[in-house]
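Chains as they are written, first to last, in my numbering: chain Z, 1 to 137; chain H, 1 to 137; chain V, 1 to 137; chain G, 1 to 137; chain Y, 1 to 137; chain B, 1 to 137.
There's no promise every hint is true.
Claimed, not checked - Straight-line distance between alpha carbons at most 25 Å, and here's what the computed DSS-like set of lysine-lysine pairs gives:
no.: 1; chain 1: G; residue 1: K32; chain 2: Y; residue 2: K93
no.: 2; chain 1: V; residue 1: K71; chain 2: V; residue 2: K111
no.: 3; chain 1: G; residue 1: K36; chain 2: Y; residue 2: K111
no.: 4; chain 1: Z; residue 1: K71; chain 2: Y; residue 2: K32
no.: 5; chain 1: G; residue 1: K91; chain 2: Y; residue 2: K7
Bear in mind the hints are in silico, worked out from the structure with no lab data behind them.
Number of protein chains: 6
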Amino acid sequence: MIYIERKERFSAAHQLYNPNWSEEQNEAVFGKCANKNFHGHNYTLSVTVKGEINPDTGFVMNLVDLKNIIKNEVIEALDHANLNHDVPFLKGKFTSTEVLAQEIWKILQPKIAEHQAELYKIRLDETLNNAVEYFGD
Amino acid sequence: MIYIERKERFSAAHQLYNPNWSEEQNEAVFGKCANKNFHGHNYTLSVTVKGEINPDTGFVMNLVDLKNIIKNEVIEALDHANLNHDVPFLKGKFTSTEVLAQEIWKILQPKIAEHQAELYKIRLDETLNNAVEYFGD
Amino acid sequence: MIYIERKERFSAAHQLYNPNWSEEQNEAVFGKCANKNFHGHNYTLSVTVKGEINPDTGFVMNLVDLKNIIKNEVIEALDHANLNHDVPFLKGKFTSTEVLAQEIWKILQPKIAEHQAELYKIRLDETLNNAVEYFGD
Amino acid sequence: MIYIERKERFSAAHQLYNPNWSEEQNEAVFGKCANKNFHGHNYTLSVTVKGEINPDTGFVMNLVDLKNIIKNEVIEALDHANLNHDVPFLKGKFTSTEVLAQEIWKILQPKIAEHQAELYKIRLDETLNNAVEYFGD
Amino acid sequence: MIYIERKERFSAAHQLYNPNWSEEQNEAVFGKCANKNFHGHNYTLSVTVKGEINPDTGFVMNLVDLKNIIKNEVIEALDHANLNHDVPFLKGKFTSTEVLAQEIWKILQPKIAEHQAELYKIRLDETLNNAVEYFGD
Amino acid sequence: MIYIERKERFSAAHQLYNPNWSEEQNEAVFGKCANKNFHGHNYTLSVTVKGEINPDTGFVMNLVDLKNIIKNEVIEALDHANLNHDVPFLKGKFTSTEVLAQEIWKILQPKIAEHQAELYKIRLDETLNNAVEYFGD
Numbered sequence: 001m002i003y004i005e006r007k008e009r010f011s012a013a014h015q016l017y018n019p020n021w022s023e024e025q026n027e028a029v030f031g032k033c034a035n036k037n038f039h040g041h042n043y044t045l046s047v048t049v050k051g052e053i054n055p056d057t058g059f060v061m062n063l064v065d066l067k068n069i070i071k072n073e074v075i076e077a078l079d080h081a082n083l084n085h086d087v088p089f090l091k092g093k094f095t096s097t098e099v100l101a102q103e104i105w106k107i108l109q110p111k112i113a114e115h116q117a118e119l120y121k122i123r124l125d126e127t128l129n130n131a132v133e134y135f136g137d
Numbered sequence: 001m002i003y004i005e006r007k008e009r010f011s012a013a014h015q016l017y018n019p020n021w022s023e024e025q026n027e028a029v030f031g032k033c034a035n036k037n038f039h040g041h042n043y044t045l046s047v048t049v050k051g052e053i054n055p056d057t058g059f060v061m062n063l064v065d066l067k068n069i070i071k072n073e074v075i076e077a078l079d080h081a082n083l084n085h086d087v088p089f090l091k092g093k094f095t096s097t098e099v100l101a102q103e104i105w106k107i108l109q110p111k112i113a114e115h116q117a118e119l120y121k122i123r124l125d126e127t128l129n130n131a132v133e134y135f136g137d
Numbered sequence: 001m002i003y004i005e006r007k008e009r010f011s012a013a014h015q016l017y018n019p020n021w022s023e024e025q026n027e028a029v030f031g032k033c034a035n036k037n038f039h040g041h042n043y044t045l046s047v048t049v050k051g052e053i054n055p056d057t058g059f060v061m062n063l064v065d066l067k068n069i070i071k072n073e074v075i076e077a078l079d080h081a082n083l084n085h086d087v088p089f090l091k092g093k094f095t096s097t098e099v100l101a102q103e104i105w106k107i108l109q110p111k112i113a114e115h116q117a118e119l120y121k122i123r124l125d126e127t128l129n130n131a132v133e134y135f136g137d
Numbered sequence: 001m002i003y004i005e006r007k008e009r010f011s012a013a014h015q016l017y018n019p020n021w022s023e024e025q026n027e028a029v030f031g032k033c034a035n036k037n038f039h040g041h042n043y044t045l046s047v048t049v050k051g052e053i054n055p056d057t058g059f060v061m062n063l064v065d066l067k068n069i070i071k072n073e074v075i076e077a078l079d080h081a082n083l084n085h086d087v088p089f090l091k092g093k094f095t096s097t098e099v100l101a102q103e104i105w106k107i108l109q110p111k112i113a114e115h116q117a118e119l120y121k122i123r124l125d126e127t128l129n130n131a132v133e134y135f136g137d
Numbered sequence: 001m002i003y004i005e006r007k008e009r010f011s012a013a014h015q016l017y018n019p020n021w022s023e024e025q026n027e028a029v030f031g032k033c034a035n036k037n038f039h040g041h042n043y044t045l046s047v048t049v050k051g052e053i054n055p056d057t058g059f060v061m062n063l064v065d066l067k068n069i070i071k072n073e074v075i076e077a078l079d080h081a082n083l084n085h086d087v088p089f090l091k092g093k094f095t096s097t098e099v100l101a102q103e104i105w106k107i108l109q110p111k112i113a114e115h116q117a118e119l120y121k122i123r124l125d126e127t128l129n130n131a132v133e134y135f136g137d
Numbered sequence: 001m002i003y004i005e006r007k008e009r010f011s012a013a014h015q016l017y018n019p020n021w022s023e024e025q026n027e028a029v030f031g032k033c034a035n036k037n038f039h040g041h042n043y044t045l046s047v048t049v050k051g052e053i054n055p056d057t058g059f060v061m062n063l064v065d066l067k068n069i070i071k072n073e074v075i076e077a078l079d080h081a082n083l084n085h086d087v088p089f090l091k092g093k094f095t096s097t098e099v100l101a102q103e104i105w106k107i108l109q110p111k112i113a114e115h116q117a118e119l120y121k122i123r124l125d126e127t128l129n130n131a132v133e134y135f136g137d
């Protein structure tokens, strides 16, 4: 077993808030992240795939295929978007980095499985200092 | 003459658009950056100050003072804000990195001058690949 | 289960030496790191916490709480300190990156447990090229 | 158990191709990487070793020893080399990052074992966005 | 006057040698860089353009145009290429970072001038530690 | 004219204090940096040299020569040292980044001049966020 990792980047706006809470509760929990006019980040998405090395190519999976899957399935929807309003697969969900990582997993997992490889980890860096890692359930 | 540089970071949402143009014109020029629901970035602001070394301290200017000026005068207003709606000194202005760098210069220049030092350069990195530098007029 | 990571930084001086050894033995094993006048580093501390996503917030744990724990419990003691002389929780211990990572674990583990989350990993980067990871016992 | 990591860098040329395939097949699978005049990269090699902390040194393993093993056993052969032609331990093998990571593992594993420590992971970053991790069989 | 910078990356193989010299002379001056089987790098190209801010856009120059010029005019020729053999504008020239920066300048300068902006600087990072800057003649 | 840059790194301890001042004055001005047990940093030194391209090599100056000058003349003295006690060329001087940059300039300038090239800039990064640049008098 060997693991390959591909990074892609996107820039997006979002707001953290719980619609069942008052504005005061939202501000108490989410602080500046609850700004109703939104704020934003440059996200770095790292996708790790595991598999055996194909004896005909020396690859676990062609990185061009992996790059295209990531770009077509998630970056196109997320880049220069408002995560709370513009992204079909995030509708009605929190836009915390945790939830975002899980939803990206759900989309990429079956697409990567079509290439005789297995999604192993989604890592999402939201800022220089904050990141999330998700390995599926 | 010697130059000192201090970096601070902020995360913000913005939209690029010209209010005198139609939606089509805006999209033709600004592309995805014209998204009316906003997108966002992690900005890195680098402030360079020049001056003589003070013989009592070995400093051009105390970096704690420089850090506090940057944080109090610009980061507090810009961090987790919407640059088009929340920032008094950007009202009615484009929120391109170029304009943002110039407006930050106008605010920091007199504050730094109070410390027997001279603002030399504002650099603003918007993404891993895009940046602006401004040296005043 | 999902993992969140927060990075904080500190700058410190230290010396590597074994008090039971001669100066020659210390220099033979620790080389330049045994300099009795000390040397120093900018350390990057990465703290990874695991847990379930809270359905009311979308968070494993509020990153502001995690940041405050790290800052109050370890960064305040380590930043701009001499690791061999100034830090109560390192008294009488080696100040290798390995030992430092373990001692930081001991301090942070119970504090994070108070927030319905679990400390998973301490990573400590000492230089661009050297790092340590500790996952508890 | 604790883990230490050491990074070293090398610059090399290579070509991805399968000698049993036609030029067309090679280009279809490997694209620009099949260029018969070669292309190249700055590789970053991260070697992670696990072990117990030695109570006399505070170290899992002396990083100077680890650095010397990596430099003498692999960097000297790989740096400023053509991976397809100049490196004895890669003769007749694919020079994909996956295969390269496995071959580096085979060389470093026994050398590190001589130091009462255990090789845990080889990570090889080929570009800013592409990397491989190998943990042995 | 304000300055905008755009970074693009390419991976290439090259060899440093003087065809008028003996192999011994080449090795004495260029060392491992003279390897006739080539070695390679991940280069980072930073292009800085200066100009006035356009009052209709807030831009010195549309970064999408700048990105496209860089990609079409230089990256397409240099990426995954052998700088000594595959690149028309480097034929018969040294492939040192200095010469490469000058030749990139010659190609980009007139293309950027068509956009009412002025090429100010070419910076080329060859490794983590080595870079060149060229400002024209 | 073209500019080449070489980066080298060193780790050192230091203390900021004015021996003509009381402890209170030192703490008021230098804060935690006045810690008499020292603190430390990983410094990154960037040396920029300008000159004409040598038509026989394609180089302004051989980077191996530049690297050796930097290592032999300054890194050997500064790495794993206490800047206040161990470095002959800093005796009796402040160990602020500003003064350090100037003293490195004085040492490197004549050595680089012996190679038909001219020292242009010393940049010294003390932390991720603080740096100094010096261009001589």
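Against the structure, the hints come out as follows:
1. G:K32 with Y:K93: Roughly 23 Å between the alpha carbons, so the hint for G:K32 and Y:K93 holds.
2. V:K71 with V:K111: Between V:K71 and V:K111 the Cα gap is close to 12 Å, so the pair holds against 25 Å.
3. G:K36 with Y:K111: 31 Å, violated
4. Z:K71 with Y:K32: 39 Å, violated
5. G:K91 with Y:K7: 36 Å, violated
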